[in-house]
Each structure stands twice: as C-alpha cells, then as structure tokens.
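**Student:** Given chain A, put chain B in place with the hints provided.
Heads up: the sequence lines are chains A and B, in that order. Residues in the first sequence are numbered consecutively from 19, following the numbering used here. Residues in the second sequence are numbered consecutively from 30, following the numbering used here.
Treat the hints as calculated values from the structure; they're not laboratory data. Ideal Cβ placement from N, Cα and C applies to all residues, glycine included. Keep in mind that the hints are not guaranteed to be accurate.
Unchecked claim - One side only, chain A facing chain B, incomplete, derived with CB under 8 Å:
1) Ile85
2) Trp86
3) Ala118
4) Arg123
5) Ser127
Claimed, not checked - If you anchor each label on the Cβ, the simulated ranges turn out as follows:
6) B:Leu166 with A:Asp97: 34 to 40 Å
7) A:Arg96 with B:Gly159: 17 to 23 Å
8) B:Glu163 with A:Asp97: 33 to 39 Å
9) B:Leu166 with A:Pro158: 54 to 60 Å
10) A:Ala143 with B:Glu109: 58 to 64 Å
11) B:Thr92 with A:Asp97: 55 to 61 Å
As the list claims (entries may be wrong) - A few chain B positions that, by computed beta-carbon distances, are all more than 12 Å from chain A:
12) Ser89
13) Gly96
14) Asp134
15) Pro165
16) Ile206
17) Val249
18) Leu250
19) Leu268
20) Ala294
21) Ala314
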Amino acid sequence: MRRFRPPITVTVPMLVAGLMVVVGLVVSERVMSRLVESQERNLAQLSEAYLDGLSASIQPHMMRGDIWEVFDALDRSRDLYQGLQPIETVAVDGNGLVIAASDPRLMPSRAPLPEDFRARLPDGAFAIDPDAGRAYLRRPLDYHGTPVGALHAVVDIGYLLQERRDVVTTLIVTNAALTIALAAIGYLAVRRMVQPTRVLTEHLTSGATGRAEPIPEAKMPAPGSEAHRLYAAYNALVLAERERESLSRSLAEEERLASLGRLTAGMAHEINNPLGGLFNALATLKRHGSSRSVRETTLDLLERGLVGIRDVVAAALESYRPKHAERPFGPNDLEDIRVLVGPEVRRRRLALDWSNGLRESIALSSAPLRQAVLNLLLNACAATPEGGRLAVSAVGDGRAISIEIADGGSGLSAEAAKVLTTAKAGLAPSAEGGLGLWMVRSALDELGGEVALARSCFGGTLVRLSFAVALEAERVDAVA
Amino acid sequence: MRKTSPSLTPNVRRRFLAGLGASVGLLASRHARAADAPLRLGLTPVFLINDLQLLSQLKSYLTRACGRPVELVMRRTYQEITALLVSQRLDAAWICGFPYVQYEDRLRLLAVPVWRRQTLYQSYLIVPAGRRAEGPLDLKGDLHAFSDPDSNSGCLVTRALLAEQGTTAERFFRKTIFTYGHRNVIRAVAAGLTQSGSVDGYVLEVIREAEPTLAGEVRVLWRSEWLGFPPIAAPREPLSPERSDLLGDALLAMHDDPEGRQVLATLRLDGFASRPGSLYEPIAAKVALVERRA
Chain A
19 MRRFRPPITV
29 TVPMLVAGLM
39 VVVGLVVSER
49 VMSRLVESQE
59 RNLAQLSEAY
69 LDGLSASIQP
79 HMMRGDIWEV
89 FDALDRSRDL
99 YQGLQPIETV
109 AVDGNGLVIA
119 ASDPRLMPSR
129 APLPEDFRAR
139 LPDGAFAIDP
149 DAGRAYLRRP
159 LDYHGTPVGA
169 LHAVVDIGYL
179 LQERRDVVTT
189 LIVTNAALTI
199 ALAAIGYLAV
209 RRMVQPTRVL
219 TEHLTSGATG
229 RAEPIPEAKM
239 PAPGSEAHRL
249 YAAYNALVLA
259 ERERESLSRS
269 LAEEERLASL
279 GRLTAGMAHE
289 INNPLGGLFN
299 ALATLKRHGS
309 SRSVRETTLD
319 LLERGLVGIR
329 DVVAAALESY
339 RPKHAERPFG
349 PNDLEDIRVL
359 VGPEVRRRRL
369 ALDWSNGLRE
379 SIALSSAPLR
389 QAVLNLLLNA
399 CAATPEGGRL
409 AVSAVGDGRA
419 ISIEIADGGS
429 GLSAEAAKVL
439 TTAKAGLAPS
449 AEGGLGLWMV
459 RSALDELGGE
469 VALARSCFGG
479 TLVRLSFAVA
489 LEAERVDAVA
Chain B
30 MRKTSPSLTP
40 NVRRRFLAGL
50 GASVGLLASR
60 HARAADAPLR
70 LGLTPVFLIN
80 DLQLLSQLKS
90 YLTRACGRPV
100 ELVMRRTYQE
110 ITALLVSQRL
120 DAAWICGFPY
130 VQYEDRLRLL
140 AVPVWRRQTL
150 YQSYLIVPAG
160 RRAEGPLDLK
170 GDLHAFSDPD
180 SNSGCLVTRA
190 LLAEQGTTAE
200 RFFRKTIFTY
210 GHRNVIRAVA
220 AGLTQSGSVD
230 GYVLEVIREA
240 EPTLAGEVRV
250 LWRSEWLGFP
260 PIAAPREPLS
270 PERSDLLGDA
280 LLAMHDDPEG
290 RQVLATLRLD
300 GFASRPGSLY
310 EPIAAKVALV
320 ERRA
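Just chain A, same shape as in the assembly (with noise of 0.2 Å):
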C-alpha cells in the first residue's frame, strides 16, 4: 500500500510546529528549573533573616522560660515579616518542650512538641514540601555554646508556587502562540513557494493527458524571478513541442501525397492501358456499328474498361475522403486497397494471393486502417523482388479483424521494426523511410491495434494487424 504522504504546504508548517514544541520544552525546562533555583535561594536567605531577628529577640527570655515574651515576640514578628508569610513558628526549650507557639491553641506551652509537627522538622536548616506548599525551618539556639532549645518555623510557600504556575502558563501560552504563529508563517511561506511549482505541475499533468498549453501572460511571475525563468523555459518547450509537432503533421501529409502521387502514376498507366481498347472499340463501333453482334460485343468491351477506371478512380478517391466523412472499416475498403495496389503490383509484376475473409465491418475509423495498410502492402511491394510473391490475408467480424501481409523480401530492418512496435510512436522520425511505418505505428495507435511481425511463407516479413472493438452491451458490462 502506498503510504500517505503529505504536501509540504503541510510538512513544513508540521516540522516548524515540531522545532517550536522542542525549543518550547527545552526553553521551559531551564527558566523553570532556574526559577526554582532563585526561588528556593531567596526563601532560604529571606528565612535566614527572620530566624535570625527572631533569635535575637527571644533569646534572653527563651533562657528565663519567659512564655509571654516569647510569645509577644512570635506574634509580633508575623507582622514584621509580611514578606515569608510564617504559618506557624514555635519556640522549644532544651528538653523539647513548647515555650510558646505563634498559636498556642494548636501548639500549648509546656507541651511537647506534637509528633506529626517534629515529622515534618528537617534533619537540616530548611527543607521545601512543595506538595503542601510549605517550607520548614529549624533554628537551634544556645548561649555560649550551650543549648537553650530551638525555634522551628512553618512558612507558607503558596504564593512561590503560585508564581511557578503563572510562568509555566506565561511559557504555555507564549510557546503555544509563536508555534502557531510561526507554523502559520510557515505555512504561507511555502505556499507562497511553490506556487510556481504547483502551476508548472499542473500544466506539465495536463499536458501528459491532453495538449500541453503554454503558461499564460497573466499568471507569469515578476521578471527576473526564478519562478519566471522556470514558466518561460516550460513555455519555450511547449512552443518547441508544438513546432515539432506540426512539423509531424506536415511530414505525414506529404507522406501521404507522396504515395498518392505514385498510385495516381499507376492508376494513370491503370487506365490509360483500357483506354487504347476503348477507343479501339469506339471506332469498331463507328464503323461496325450496324452489327449487332459487333455493336453488342464492341459496348460489353467499353463497359468493362469503364467500369475497370471507375473502380480505381473510386479507390483513389476513397483514399482520399476528408477527415468529416469518417465510417467504419468494412470488406470494400480492403478491396479498395487491392484496387489502389494493383498498378504497382502489375508494374514489378509480382504475384499477390488475395484472401479477403472480412465478413462485416468493423467499429474503426476507415481511413487510417486503409492508410496503415496500404503503405504495408507498398512497402511489402518495394521489397520483394520482381517477379517475387506477396499475399494478404484478412479474416474478422465486427468484433476483431485480423489483416497479414507477407512479402518476399529479406526482411525488415531493426530500426523499422522498431519504429512500427513502439507504441506511441511520438514524433516522426527524421530518417527516410520511416514515415511510412511511423504512420502505421500511429494508426495503431489511435485504434488501439496490435502488431505482430514474423517470418513470412516467402521469407521475407509477415506483418499481422490486430484490432478488436467491444461491442456495446460489453462496454456497459466492462463499466458495471
């Protein structure tokens, strides 16, 4: 199965959106981690400071056991100290019992320290529970190196980790927005790039299924431009194609006038040959015409030569029937075609076997058939010497027919043979000789016939044409 592959108006917005995604995450990953860094330096130092003023001032009642001193300090610094928003902060004696707490209601003096509380207490100085959003600060305190106890604090840290959510959603917002906005940029940029491919591709696909057009004046690009050089390019070689193409043309018409000129050379020898007889008969008339026997035998003569010129004039002029006046192919055109080739088989004297086995006609346009097969007898004539032997045999109904000619030459060349098997011939080809072939190539082709070449029963070439038609009601099963 072929897998799908997208247009790069589409790959290239997708990998822009990808990169930005990337650098988006990397971007994200150090200003946060910085972030938690600052974050986490600045509570440390800023707790720092508030245990240190609070040391200070409650040190000497802490070493009396002074509750409500040290009380009054604890619920005084809370104010003091907008800044770390302290939750709950406790001073405890040596033997680990609360002096006073900043709420003495969940922490009572004299009390020990509750277990849940001493838990959560550090091993070290700090320590930062992000998940309740809280840190934990532990102070001991001692006078000359003795230990009067120690103060614990529980600040509340919801506000850095709001701040943390706001800049990840900032970085969110802001990454998402210049993905969107570059992969959008992105998008029109290569639009806007291959716009001149996408119309120089459109045109080079129509152009391989039907005629190919020139690019027009009013979608050309800027001159100058790459996408300019590109459409004058495709636009000479359209006007070079079509040069060449008319060239054909002009080359298979004159072909064809070239091999009319010669079977009108011949139907001229054709009828000049019955016209001495009939002129003789006209002066057998003149002067024996009282006779009856005379005048009927002399009038069966002239009918015979006359109707002997009007098949050959017929032949010629069928050969020749505009392009308008197209009709299928039928058994009187092969007669035709033994008509327009008598003279030349005559004139090398050559034996010809005629089997005209057609019972019907065929759905194919006449006049390519005839010309196909015409200039193959031609050439079979000009190859075989004189004196030589040639046959035709055509069989068929309305569905196929089947047409050889077999002569006695020795045999077509490679190049000629080539020429007549390869389908879609293309142009003429500019050797002599070979428009003939190449015409029949591009009957065949128009018809959709086939060629088969072999050995002939004289040794020369035996060239056999194929065609075959679907009749209507298949075409319909063909199409279901």
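**Tutor:** Then chain B, alone, in the frame of chain A:
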C-alpha cells in the same frame, strides 16, 4: 519569667523598696534639683502607655496647666515606678491601689480618676470567648495570665479570691505568667496562650470600644466588687511639695480645660477627684488576706 513566689511576699517587697527609696532619697538630697527642673510624672503600664498620641496630649496639657515643663516617666513594671516614687525621684505617679496601700505611710493621694461617675473599678477574670466555664473554680489547673505582681486588679484580687477559697495561685493554677500590661493579658487569653487571665475591668471596657475584635475574643467569667480606682499619688514628704501639688491641681482641673477634656475622652474618664485614703481600705483588706494565707 517573673513569677510571684511565696518567698517574695508584699511585705518583703515593701521593706526592700523602703530601703531602696531611703538610699536614693539621701542621694537626691545631696543633689537638690533646681526648682525649674521639669516636673516628673510616673506612669505605670496601667493602661495605654503605648498610645503615643495620648502621651503627647497629656504632656502638652500638663505642661501648659502647670506652667512648666513636665516629663512623663515610664517603666515596664509597677515596681520600678513605685520605687522611683517612694524614693522621691518622681513628683507624682499614676500607680495602682495595691502599691498605694503598701506604701500608704509614705505616699499621699493627689487625685483619683472618675470613671463612669465614680472613682471605682472592678477586676475581671477572663477566659477565651468559646470556653465553657461557669465560675472561678473552673479555672483550676489553668495556665493563668496575671498583669503585674503589684497590680490590684491584675493580680491581687485573684490571689485574694483564691485565699478566700483556702488556696494560692501557685497551687490552684498549673502555672502563672506575668504579661506586664492589662492589654497583654487580654492578648494572651485571646490567643489561647493562657486559658484565663486577671485583668483591669476598666481597661477591658475601654478596649471593647477601641479594639472590639480583640475584646470580642475573650469573655468575662467573674467580676470583683467595686474597688478604689488606681490613684495618682505623691511622696508624702517630697523634696518640693509644690511640684506635686502643681501636678495634682492640673489633674483635678483637667475636665475644665478643652485640651484636658480631649485627654480624658481618650482615656474614657470623666475627670479626676480628691478622695480620702479610706477608698483603698478594701484593697488593704485583700493584701492582709493574701499575706495571712501565704
């Protein structure tokens, strides 16, 4: 922490302060102050000594009323002010009824504040607003806040109450602390630092108006009988009696002066009045009761 111990009864302190005062007095006599030296009025932490605006108004009024500079002298404890007063280092001082009866023989009354048209006040036992207690005996085993060891309403009244019950503060309460200020007693009880406290009723009533949130966190569990309001006293034998009288007269005339009335309004007082020393006999009886029990 300061705590009233059985070894330091009021009598002992009285003798100590008398000796201290005599020594300082001798010293003072050798360095007689110039007659135009500022009048010195001592203020105990009875109330509002942290209100700087009030102090400024009081000083301004007294200076104008006395016609000479007045210096307001403040100390952390009653004891310090009492010592300065009996040693004649102060011309007058706003002290408590308890120190007055202790040194009645060496002090004379200059004026007594009039609050709600009488020169009396009460002592309160307070507890946190939400505490379920019905009487003073429910406070047994409390951590209890006193104001000052030399305060009548903030210590003596509760001690006398317990003495009547045949016990002492040290036995009745788990522990007692001194906060050295009636407002601090209210703070300690409101914060839950102590389960109960002894406080000046006048102070609590005024704080109800000035700081209703703080006052709302405590509840009055028990009120004492009406007792003599903390007086303004002078040394009975001052180096210069006129100096004390100047201050006394100024206080007595305070309610006649607009600036004086402003000070009184802040203090929520009606004025000052002359009263005999007998006003404090109920307090003297309490001192005797406590001393007997001790």
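**Student:** Are the hints correct? Go through all of them and say.
**Tutor:** Hint by hint, here is what the structure shows:
| no. | hint | verdict |
| --- | --- | --- |
| 1 | Ile85 | holds, 5 Å |
| 2 | Trp86 | holds, 5 Å |
| 3 | Ala118 | holds, 7 Å |
| 4 | Arg123 | holds, 4 Å |
| 5 | Ser127 | holds, 6 Å |
| 6 | B:Leu166 with A:Asp97: 34 to 40 Å | holds, 37 Å |
| 7 | A:Arg96 with B:Gly159: 17 to 23 Å | holds, 22 Å |
| 8 | B:Glu163 with A:Asp97: 33 to 39 Å | holds, 36 Å |
| 9 | B:Leu166 with A:Pro158: 54 to 60 Å | violated, 42 Å |
| 10 | A:Ala143 with B:Glu109: 58 to 64 Å | violated, 39 Å |
| 11 | B:Thr92 with A:Asp97: 55 to 61 Å | violated, 34 Å |
| 12 | Ser89 | holds, 29 Å |
| 13 | Gly96 | holds, 40 Å |
| 14 | Asp134 | holds, 33 Å |
| 15 | Pro165 | holds, 21 Å |
| 16 | Ile206 | violated, 5 Å |
| 17 | Val249 | holds, 20 Å |
| 18 | Leu250 | holds, 18 Å |
| 19 | Leu268 | holds, 36 Å |
| 20 | Ala294 | holds, 28 Å |
| 21 | Ala314 | holds, 29 Å |
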